[in-house]
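J.: Protein chains in written order, with this note's numbering: chain A, 1 to 96; chain B, 1 to 374.
It is worth saying that the hints were derived from the structure and are not from the lab. Everything numeric in this text was worked out from a predicted model, so none of it was measured. It is possible that part of the hints are untrue.
If you want a taste of the chain B side facing chain A, the calculated C-beta under 8 Å gives, among others [unchecked claim]:
#1 77
#2 80
#3 91
#4 302
Every residue gets a Cβ at the ideal spot worked out from N, C-alpha and C, and that includes glycine.
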Amino acid sequence: MTHVRVRLAPVLAALAGGEPRLDLDLEGGATVGDLLAFLGDGLPALARRVRDERGEVRRHVNVFVGPDNIRDRDGLATPLSDGVEVTILPAISGGG
Amino acid sequence: MTGHAIVLVGTTKGAFVLRPDASRTEVNIDGPHFAGDEVYSMALDTRAGRQRILAGRLSMHFGPGIAWSDDLGANWIDPPEGAIAFPPDTDAALQRVWQIEPAGDGEPDVIYAGVEPAALFRSTDAGESFDLVRGLWDHPHRPLWNPGGGGLCLHTIVRDHADPQTVWTAISSGGVYRTTDGGETWEARNRGIRTPFAPDPEPPEYGQCVHKMARHPGRPERLYLQHHWGTYRSDDRGDTWVSVGESMPADAPPVGSEPRPFGFPIVVHPHDPDTVYVIPLSSDMHRWTVDGRCRVFRSRDGGDTWEGLSDGLPQEHAYLTVLRDAFCADPLEPAGLWFGTRTGDVFASADEGDTWQSVARHLPPVVCVKAYAL
């Protein structure tokens, strides 16, 4: 069993019943992809804002495992260790 | 038609619902709805007793979707799973909803959606869920379409009011495609539409950068079209097209042999199939109103001759851009006209274009204006 704490930006927490933190228990050896699939089962409104229908993390959303952006690690295959914190935040994209 | 106009305005940072007074010179502005999201497509569906506003929204961070309101914008529904998405086998992801078009009264729960990447979706539950129209998605031309500046999008859906099996779509840059069997099969219908961006002077079968297309049910064989270069008319349901905009202004001296004018929207008068409106821009290199003057051009003879309409519109240092879905007519009598600009202005005419008023200022850049009557 892998215990994961998910921290959500406020704009995403609103799609998770207002909860800025989710404590989840996943199967041992779970990856970020497994975590997002798990979220999709229970919180589809949140999940589709993080990933598109191909399963890819949206370009302007960042998922961090601990301090690391998963784009700098193994993407959706990034492993989750027991007790790790996963943070999902909008990127500082924008312009006018 | 009697009643009051209601005007849906989509911008790059939210949507607004305009409720004009009876004179259509003053409006109450309600919004922003979907604050921060692009809203490129909106529609009001009044069939089957509904008053449902549909909006194609796009969060730059969190993606696209279609939401609806059954109380004119007081509350919105965006289902958790989303109303529209590409099926897994397509390996495609929805980028933006460019057009929402309710079908005719004979199909009161059918709504079409045109999207990017270029595809057509169809709903049979009044917009609460959509299915991909496979016939167009599987068309052999599709892999050869190329994106225009706005992306590879299906932005126009024109239906045949007498025959629900016939639908025209327009794609940038793919051109016009028509089905006569309810979407099972599609044929390119671009004959005569010149493509100065291609080396061959002969128009290709497909690949045109159609910006907008319009049709009046009172003259079912006729279609109007604003291309990247040139305004066109078809009198045979899109089988062939002729350029009708050569008398309209463009950059001076003329930019070359390109058909005139450059522009995005084209609007047919709701009560007169021979009256059509465009808003010419200088050229594809200078996408603003010609000579710094904001003018709507009207033809009352199907495009054979045109007159510039400017009374009430800015005529000095007015470098405005009106995009493909930001110009429309309301169905009242006399017909009203409404357009929005990239500078966040909305202008209205309550007398078929003879005179104009500024009815909204300082909105975010306007990308969609749709007018109806309640």
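J.: Please name the hints from earlier in the document that this structure breaks, with their numbers sorted from lowest to highest.
T.: Going through the list in order, the structure violates hints 1 and 4 and respects the others.
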